[in-house]
Amino acid sequence: MLFLEQPPRFLFFTGKGGVGKTSIACATAIQLADEGRRVLLVSTDPASNVGQVFGVTIGNQITALTAVERLFALEIDPQAAAQVYRERIVGPVRGLLPETVVNSIEEQLSGACTTEIAAFDEFTSLLTDTALHADYDHIIFDTAPTGHTIRLLQLPGAWSSFIEKGKGDASCLGPLAGLAKQRAQYKTAVDALADPSRTRLILVSRAQNATLQEVARTYQELAAIGISQHFLVINGLFPQSETQEDALAEAIFSREQAALSAMPALLKTLPCDHLQLKPFNLVGLEALRQLLTANVQQLIVERNTSVTINAPKLSALVDEIAADSHGLIMFMGKGGVGKTTLAAAVAVELAHRGLPTHLTTTDPAAHLTKTLTGTVENLVVSRIDPEVETERYREQVLETKGAQLDAEGLALLEEDLRSPCTEEIAVFQAFSRIIREADKKFVVIDTAPTGHTLLLLDATGAYHREVSRQAGSTGLHDVTPMMQLQDQKQTKVLIVTLAETTPVLEAVNLQEDLRRASIEPWGWIINNSVAAAVSQSSLLMERAKNELKEIDDVAHRYAHRYALVPVLNNEPVGETLLRTLIYPFSPA
Amino acid sequence: MKKIEVFDPALCCSTGVCGVDADQALISFAADVEWARQQGFLIERFNLAQQPMAFAENQIVKAYLEFAGQDGLPLLLLDGDIVLAGQYPSRAELAHWLDITLPDTTAKPAKSCCSGSTCC
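Chains as they are written, first to last, in my numbering: chain A, 32 to 619; chain B, 1148 to 1267.
Honestly, the hints are just simulated from the structure, not real lab data. Remember, predicted model here, so these are calculated numbers, not experimental data. Glycine included, each C-beta is placed from N, C-alpha and C at the ideal position. Errors might be hidden in some of the hints.
To be verified - Partner residues aside, some chain B positions facing chain A, computed with beta carbon under 7 Å:
(1) 1153
(2) 1157
(3) 1195
(4) 1199
(5) 1200
(6) 1210
(7) 1213
(8) 1217
(9) 1219
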C-alpha cells in the first residue's frame, strides 16, 4: 500500500459516507501497531464499530486496546460535542428568555457548520498537544475537516471580529465563539495540517463517476489552501476473478473499470492504491487485518448460495402517489445514492399513467434526463444547475451587499457564501418557482432542503416572502409554504439510501432533521440493492446477505413505507429502462 | 462617552446570507459600526444565538423580548435606553446619537431598511 509507506505522524482519511473510511483507518492503525509503532486511532464515525471490534467500550477518552499491542483509540461524537456546545450557550437562559426564543437559538446552533466546527475543536488538541505526541508515533483520524472550515480559520477577518473580542458579527465560524481555545492554538492546528512532513491526507473513494468527481473537488479545495500531499485509495473494487460469466457481476466490473479510466485527470497524478471488494462486512479484528492484504477468492467460504427477499417494489409506492393525481414529490438523500435516477423513474411512470408531470432535476450532466425531453407524453423536464444557481446567488449577494465592506469583511462574506447552506438555499430558491405548479399536476424534484435550512428560512420569514412574491396573487393565501411542505397530501418526501450501514445512518439523520421541521418523510427507497437483483456470483450473494439487516431496519424501524430497487446491469437511460426500476424483472 | 448596545436577532451569518434575501440593512450596518468604532466610539453587539445571556441579564431587553419576541429584534440601546427597535439605523442616525458631525459628502439619506425581498 503506497499510502502506508513512510507515514507521517498524522493520517487523515476523507471521503463521503459509506466509502469505507473508518474500516481503512482501523486496518491502517492495526497494521502500523503490528509493525511496532505506538498508534492512536481517532474515530468520529457514529456508525463506528471500533469499540465493538476490539471488545471494549471506548468513548471520549483514550483507551488502550488490549487486543492489539501499542494500539489506543478515542471516539469523538461530533453530534455530542455540538450538543455540549449548544448547551453551554442555551442552558443558562432556559427559563429566563421566552421558550420560542430559546428554541430558535437552539436551531441556529443545530446546523452542519456547528457539528463540523465542534469536531475540529476536538481535533485541535490532538494536533497541538506535544505531550501527546511524545506518546504516539501516529495519530490516525477517520475523517478530515473540510476546506470551508479550514479557510474560515485562516481568515484574519473572522478572528478579529469574532474570537478575540469574544463577540461581534456572526458567520459560519460563529460556533467557535462558544468554544474554549485561542486563535494561536487553531493556527498551530491548521499549520500542522498543511505540513506534509507531519500530515498525510488519504482520499477514499469508490470506483463511481460521481464519487470520484466529489473526491476531485475535495482535493482541489484542500490543495488550494496548501494541503497538497494527498494519496488516493479506491475501495471496494469488484475483482475480475469473480465475474464468473455472471451478467450483473460483469456489468459491475466493467462499470467500475470505465469509471477508473474516466477518473478526473487531477486524481490520476496521485499515488493510488486499489482495495478489492470483500465478501464480508468489516467487523472484527481478523476481517480488518485482511482488508489491506487478503485475496478475495480465498475469503469466500460458501459458494453458490442464493438470497431471496420479498420486499415492496417501487411500483407500489407509485400506485399510492398516483392516487392523489397531483402534488410535490421530493427525493432526499446524500450524494451518489441515485436520487436523480429514481426521481426520473417515478416521473416517467406517473406520466406514463396519463398524469401530467413536471420533472425538475439538478443532474449536472443532464445525460439521464435529456433523452426524456419531448419524447414522453405528459412529461415536462427542466433542469437546475446547482453551480450556476449558486454562482448567481453569490454574485447577487456580493454585488449588492458586499459593496460597502472592507477587504476583511468582504473575505468573510465570500467564505460564508461558500458554505454548503448557500448552495442548498440557492437551489431551493430556484426550485420554489416550480413548486407552485404542484396544485395542478405532479412536480417531481430530485433534491430537498434539509429541515435545518427550512427552519432557518421559515424563522426569518424569508422563505414565505420569497414564495409569496413568486406566487404573486395566484393563491397560497391561507397556506404558508412551510405548511405546504408539512402536509403529506400536498408534499411527499422520499428518503433515498443504500442497504449499507453508514448510508442508512445518514438517512436516519436526514429524517430526524426533517422531523425537527415537522416534516414527516412519506417513504424510503433503498436503491442499488444486490439482494433485490438476480445474480449467480458468490461474491455478490455474500454482499446481498449483508444487506438484509439494513433492509430489515429500514422496513421495521425507520420507514412508514419503503421500496427496494435492484442494482441494474445498465445505467437506466431512457423511458423503457427507467421503468424497469418501477417494475423490476418485468420490463415493460 | 456615549455607548450604543445592539441586540441582534439569531442569524447564523451576520451577513444574513442564510436568508433567501440577504438583508442589505444588516450588511450596511456592519460597515457603519466599524466606521463608528474607528472613530473611537463604543458600540457593542450581541448576537442572540451566541450571547443569549446578555439578553437575559438586561431587564429592558428581556422585557422587550417577552413582549415582541425575536421577530422584534434588533433592539438598540443608547446609554441604556431604547432608541430603535425592529430595524437597523442608518449611518446618519448613528452619527446623530453619537454627536458625530457628518461631512455632507459622506452623509447618507436616512432611508428605512428594506424588508421587501427585491428592493435595494
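Now for the hints, and whether the structure bears them out:
no.	hint	verdict
1	1153	10 Å, violated
2	1157	5 Å, holds
3	1195	6 Å, holds
4	1199	4 Å, holds
5	1200	5 Å, holds
6	1210	11 Å, violated
7	1213	6 Å, holds
8	1217	5 Å, holds
9	1219	10 Å, violated
Taken one by one, the earlier hints fail for this structure at numbers 1, 6, 9, listed in ascending order.
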